[in-house]
Amino acid sequence: MNIIVPVKLVPDLVEELTVDAGGTALDTAWLRLIINEFDDHAIEQAILLKERTGAHVTVVSTNFEGIDDLLYTAAAKGADRLIKLNGDFESGINNHALARALATIIRDLKPDLILTGVQAHNDLDGSIGPLLAEYLGMPYIGYVSGANVSGEKVIVRKEYPAGLIGEMQAILPVLLGIQAAEQPPRYVAISKVRLMMKTMNIEEMDLGALDSTGAPIVNRMFQPEAAERAMMLSENADEAASQLVTIFKELGTL
Amino acid sequence: MNQDIFVAIEHLRGKVSDISYIMLAATRVLAQGTGGKVVAIVLGHEAQDLARNFNADQVLYADHPLLSDFIPEAYQKILAGIIDEYKPRAVFFGHTTIGMDIVGGISAQLGLPLVSSVRTIETDRKLVSQICGGKIMAECELPEPTALITLVPGGYKPELGQSPQSPPITAISTQMLDGLRIKLNQYIEPETSDVDISKEPLLIAVGRGIQNQDNISLAEDLAQALGGVVCASRPVVDQGWLPISRLVGKSGSTVKPKIFLALGISGAPEHVEAITGSDVIIAVNTDPAAPIFNIAKYGTTVDLFDLVPALTEQVKQTKG
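The listed protein sequences correspond, in order, to chains A and B.
Just so you know, the first sequence maps onto residues 710 to 963 in the numbering used here.
Just so you know, the second sequence maps onto residues -6 to 313 in the numbering used here.
Just so you know, these hints were derived from the structure itself, not from any lab.
Positions of the beta carbon are idealized from the N, C-alpha and C atoms, including for glycine.
There could be a bad hint or two in this list.
[Claimed, not checked] BS3-like cross-link-like pairs, simulated, lysine-lysine; straight-line CA separation at most 27 Å:
(1) Lys759/A with Lys176/B
(2) Lys819/A with Lys176/B
(3) Lys958/A with Lys251/B
(4) Lys249/B with Lys958/A
[Stated by the list, open to error] Going by beta-carbon spacing under 8 Å, a handful of chain A positions derived as facing chain B:
(5) Ala842
(6) Ile880
(7) Leu953
(8) Thr962
Could you build all of it, start to finish, from the sequences and the hints given here?
Quick look at the structure:
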């Protein structure tokens, strides 16, 4: 069984985000990129399925700074094949363009199952999964937090509000948007990642011409202004604690 | 050109989801801008009564046994057919586990533009999306010809999407639904747990800032001293540090306590949508730019690892 895991990098939200001089995009000069956390779960779910069924796992991503580390880390976890995609996307790439380009490349990889993060925090034209599924002519199920393959079928757990799960089954090939793997993404020792750098090959492919049709054109990007920002308490722990005790008393909790 | 605005209504096991009413409220604003009607689309089986209290000018109702429960493939097929036939000016979907499963496929299938994470609609037909965990807003024009939009909660009150008057309901024929590759086997109920956080009056919530499982005990100690219950945002539950019964957010519970104390929670939209019913939100986060401070009544940037032990101690002293 061939499992393909398309992953992407997103701005690290722990860092301060600023809008560039043009006012329509994030300033990329100081932007730190990290793996989209849902993609990290997609890799984990793929490795879990490999351990159960002996599947072959390919991780594929666009060539942004930091991508080699991401791919070698995936290999250390158990990915069998690593692909990075080159192209002209210095100023970013939207999901419609990426999905169209990925569809051409992934079709040739003959996937039985595609797992990708259910969303990324900077998606503005929908998430990548359903777009890619449609371009490939596959069905899609998102918000998946568990999957098991049996024969030509996959049984998945789809999340609904208030902890409700819908157990669905789909005939392969299918694309799943992963919300969470069945276990937290595994940790791998840096020594193992270094070993992969020496032994694993990252294949490079060309994304080809990009077609962004279907994504909106941003005419203004800005940081939200709070209508009413929180009343800030002391910066000193003991003082802030005593202010909170007063608040709890006023609210009748103490 | 058709200036009507359609709303893809969401319902789950016989109940209309709040996001459907929020969409109807938002759509009113946009319909004023386009001069068109608000049209609710309901897919289901023997489900037309669901539309009774919609604040809509018209309801299009598609009935089929295979539409009684949400199956992404079936819903996408029927909705794409309706959109292609009527060609409305815009169609709203929930930015939810239902809407987000199908809107991308419809965009790709029909070649229509898609704007996601929209929170508010400006009267001049501009759409404002909330991205990057609530830290960035992006504004765009309503794209041509039919804009597909996913709406996040927070911009409109669900009550505005309801009306005492039933809108006229038009039954429409559905396409064939044979050859589906996806089916629903069963629903699995959430495991019953010791507490129901949706009913607790005092919640101590921990987020990514709690850093590891051992530190959860800090929150437990404070909860015990105050007489509250510990709950969590998504990253904590995904790490397995707390069970899903304690999850507040999109796939978890919506809560409405008297006090919601958020420790190390940034305030991503998926979490915020589930806590806005709280009477008082108190936020503790070392990042002064964390969006949680925009909805909290009180806040502090003191490190939670300094604050929580001090607070627990003072609460204990106060109680004697």
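So, against the hints stated earlier in the document, which numbers end up violated here? The structure conflicts with no hint, since it agrees with every one listed earlier.
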